[in-house]
Amino acid sequence: MTQKTLIEGVREALMEEMERDERVWVLGEDVGRKGGVFLATEGLYDRYGEARVLDTPLAESSIIGVAIGAAMNGTIPVAEIQFADFIHPAFDQIVSEAARIRYRSNGDFGCPIVIRAPFGGGVHGGLYHSQSVEAFYAHVPGLKIVIPSTPEDTKGLLKAAIRDPDPVMFFEHKKTYRLIKGEIPEGDYVTPIGKAAVRREGTRLSVFAWGLMVHYCLQAAEEVAQEGISVEVVDIRTIAPLDKPAILASVEKTARALVVYEDNLTGGFGAEIAAIIAEEGFEMLDAPVIRVAGPDVPAMPFNKPQEEFFLPSPERIATAMRKLASY
Amino acid sequence: MYRQMVLARAVDRRMWVLNRQGKAPFVISGQGHEAIQVAAANAMRPGSDWLVPYYRDLAFCLALGQTARDFMLSVFGRAEDPNSGGRQMPSHFGSSRLRIMTKSSVVGTQICHAAGIAYAAKVRGLDEVAVTCIGEGGTSQGDWHEGLNWAGVHRLPFICIVQDNDYAISVPHRLQMGIDNVAKRAVGYGIAGVTVDGGDLLASYAAVKAAVERARGGDGATLISAKVARFTSHSSDDDQRRYRPQAELEALLRRDPIERFRGYLLDEGVMAEDVDDSVQQEATAEVDAAVTYAEAAASPLAEDTLRNVFAEESA
Numbered sequence: 001m002t003q004k005t006l007i008e009g010v011r012e013a014l015m016e017e018m019e020r021d022e023r024v025w026v027l028g029e030d031v032g033r034k035g036g037v038f039l040a041t042e043g044l045y046d047r048y049g050e051a052r053v054l055d056t057p058l059a060e061s062s063i064i065g066v067a068i069g070a071a072m073n074g075t076i077p078v079a080e081i082q083f084a085d086f087i088h089p090a091f092d093q094i095v096s097e098a099a100r101i102r103y104r105s106n107g108d109f110g111c112p113i114v115i116r117a118p119f120g121g122g123v124h125g126g127l128y129h130s131q132s133v134e135a136f137y138a139h140v141p142g143l144k145i146v147i148p149s150t151p152e153d154t155k156g157l158l159k160a161a162i163r164d165p166d167p168v169m170f171f172e173h174k175k176t177y178r179l180i181k182g183e184i185p186e187g188d189y190v191t192p193i194g195k196a197a198v199r200r201e202g203t204r205l206s207v208f209a210w211g212l213m214v215h216y217c218l219q220a221a222e223e224v225a226q227e228g229i230s231v232e233v234v235d236i237r238t239i240a241p242l243d244k245p246a247i248l249a250s251v252e253k254t255a256r257a258l259v260v261y262e263d264n265l266t267g268g269f270g271a272e273i274a275a276i277i278a279e280e281g282f283e284m285l286d287a288p289v290i291r292v293a294g295p296d297v298p299a300m301p302f303n304k305p306q307e308e309f310f311l312p313s314p315e316r317i318a319t320a321m322r323k324l325a326s327y
Numbered sequence: 328m329y330r331q332m333v334l335a336r337a338v339d340r341r342m343w344v345l346n347r348q349g350k351a352p353f354v355i356s357g358q359g360h361e362a363i364q365v366a367a368a369n370a371m372r373p374g375s376d377w378l379v380p381y382y383r384d385l386a387f388c389l390a391l392g393q394t395a396r397d398f399m400l401s402v403f404g405r406a407e408d409p410n411s412g413g414r415q416m417p418s419h420f421g422s423s424r425l426r427i428m429t430k431s432s433v434v435g436t437q438i439c440h441a442a443g444i445a446y447a448a449k450v451r452g453l454d455e456v457a458v459t460c461i462g463e464g465g466t467s468q469g470d471w472h473e474g475l476n477w478a479g480v481h482r483l484p485f486i487c488i489v490q491d492n493d494y495a496i497s498v499p500h501r502l503q504m505g506i507d508n509v510a511k512r513a514v515g516y517g518i519a520g521v522t523v524d525g526g527d528l529l530a531s532y533a534a535v536k537a538a539v540e541r542a543r544g545g546d547g548a549t550l551i552s553a554k555v556a557r558f559t560s561h562s563s564d565d566d567q568r569r570y571r572p573q574a575e576l577e578a579l580l581r582r583d584p585i586e587r588f589r590g591y592l593l594d595e596g597v598m599a600e601d602v603d604d605s606v607q608q609e610a611t612a613e614v615d616a617a618v619t620y621a622e623a624a625a626s627p628l629a630e631d632t633l634r635n636v637f638a639e640e641s642a
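Those protein sequences? They're chains A and B, same order as listed. Going by the numbering used here, the residue at position 191 of the first sequence is 191; the numbering climbs one at a time, nothing skipped. Going by the numbering used here, the residue at position 44 of the second sequence is 371; the numbering climbs one at a time, nothing skipped.
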């Protein structure tokens, strides 16, 4: 089978879902003729036209607000926020509105929207094109949060998101768009939301990650394997709902847990995973839960040395693995 | 329409009584706003057009088909409350059946929702109009601007009715905007701007009817500024005597939209005094029955707190 990029997974999912269901449409800044700043929506405009592949005003709150309204009236909007860094103006629409519509109407209304946004660093994006924002939304019940790390999952999970009756936030790590290649199965398939995936089996310690960090963890695991440390790498895939059984099953097997995330250390989503392991897996553990994350500075700098300092690297992760394995 | 206004007033007054009796923890009112709301509801096509309401739209929602019982169930926070199953404070309306979109307490977000509903209607080729309401204070929000901009860009079947009662809680109109009339902003969005005396039922009906026809005809959106009187304090947690002069409050009473229309009906001989008496009595009886029913109705189950976060498998 041919190798495809992660962004091709996005594109194929959108193309096929719009073909399958005429209620599905795409809106966002530059998603039309240009095909998106990363070309995630390339080809959609030519095939489906402006009404279903709509370039919006430069106003994120209304991109989500209009999507919510359109979802009330029989359509399934897939809203693109050009960079996750610029999603903040829409926080109110996402948190106060989309996430609560079903709850506050006691099930009378639903809100079937998908919000796609590229996130993450390592591309010289500076403070405002590098952020990880999943922790803000992981705090909000009523939202599903998906972060794929492979082309196959990207397509299958995005299809699942579009078919989901509730709001789904779909964060795509922008550095993985073209860096990560893999096979995409032929034909229609859906990858269920809410299931983690073991990317590498191991026995000495477990590492939990999502997005680009999954790949860095796999590199680190390969490196320490040569030193005899057997690492299990678990791709979280969906932040919410979180696959707690898969996390605890892996800890039960290895008795050691490392959580790796790109966001700032304090209050990042990995803190929740660490808390779950500490609370529900305490008796299985032979060592403290360790986190590797970005430092507690406001955001990722543009220049190379400071960007590299911020972003957890395979080397840093490998060092943490050795430390954890030594317990 | 007169009956609808009278019923709305009777429901509204009763909820304040319930609040003073300690039976209703919180109430927020639409007294003085009834004419524009009832007029707009009657200018719309029921079951087809949409209302994306705000928290003063009691008369609007009653005129669209909600009942006094529906409302009282929400005042008491009962399980049967069709708006939210008792989850939201009263006056957070919502009914998929009546096409009244569920409302949060956030001011301004609803304007973008109405634009989205209207966009979907237009793209799907449906002959539907989205009407949304807000106070003049809400027009300062970014979402108000963003929603109206969408309405203008796509010439949407969209109507925004600003119920301008001169106060956003305590902040007066002059500290909210640098213009006397928010409808002047319509030109900046490329949509129609209309000013109407929102206390004049027939003038309000004509204004909204024209806007609905403009929307249905594909001629785009309308911003209506309806000047109204806020008879009550902002909510049961507010006392407007602290910030409104006594003379101003007394003058408000001369702007009662129901009294104005009642006088018109009597003067024109359209309605006899005894008919009016029976309208009043029927409204009181309906409210009495609604309160009796709602007070006795069951509260939601504590364990159902966890339900309807996400779609549930149909049982």
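Read the hints as simulated data drawn from the structure, not as lab findings. It cannot be assumed that every hint is accurate.
Stated by the list, open to error - Partner residues aside, some chain B positions facing chain A, computed with beta carbon under 8 angstroms:
id: 1; residue: 440
id: 2; residue: 467
id: 3; residue: 469
id: 4; residue: 578
Claimed, not checked - Covered by chain B, per the in silico footprint, the following chain A stretches (three or more residues, Cβ under 8 angstroms):
id: 5; segment: 59-65
id: 6; segment: 83-95
id: 7; segment: 98-109
id: 8; segment: 247-256
All of these numbers come straight from a predicted model, not from anything done at the bench. No residue lacks a Cβ here, since even glycine has one placed at the ideal position from N, Cα and C.
Practice problem: Count residues of the segment 247-256 of chain A with a Cβ under 8 angstroms from any Cβ of chain B, then say if the count reaches three. | Solution: violated (count 0)
Practice problem: Examine the segment 98-109 of chain A: at least three residues should have C-beta closer than 8 angstroms to a C-beta of chain B. | Solution: Holds: 10 residues of the segment 98-109 of chain A have a Cβ under 8 angstroms from chain B.
Exercise. For the hint on residue 469 of chain B, just tell me whether its beta-carbon gets within less than 8 angstroms of chain A.
Key: 6 angstroms, holds
Quiz item: Quick one, is the residue 578 of chain B hint okay against chain A at 8 angstroms, beta carbons?
Solution: Nearest chain A Cβ about 37 angstroms off; hint violated.
Quiz prompt | Interface hint outcome for residue 467 of chain B [beta carbon to chain A under 8 angstroms] | solution = Since chain A brings no Cβ nearer than about 14 angstroms to residue 467 of chain B, farther than 8 angstroms, the hint is violated.
Quiz prompt | chain B covers the segment 59-65 of chain A, three or more CB atoms within 8 angstroms, holds or violated | solution = holds (count 5)
Quiz prompt | Residue hint residue 440 of chain B, partner chain A, criterion CB-CB below 8 angstroms | solution = Since the shortest Cβ distance to chain A is 4 angstroms, the answer is holds.
Quiz item: Counting residues of the segment 83-95 of chain A whose CB is closer than 8 angstroms to a CB in chain B, do you get three or more?
Solution: It holds, with 3 qualifying residues against the three required.
Hint violations for this structure: numbers 2, 4, 8, all remaining hints satisfied.
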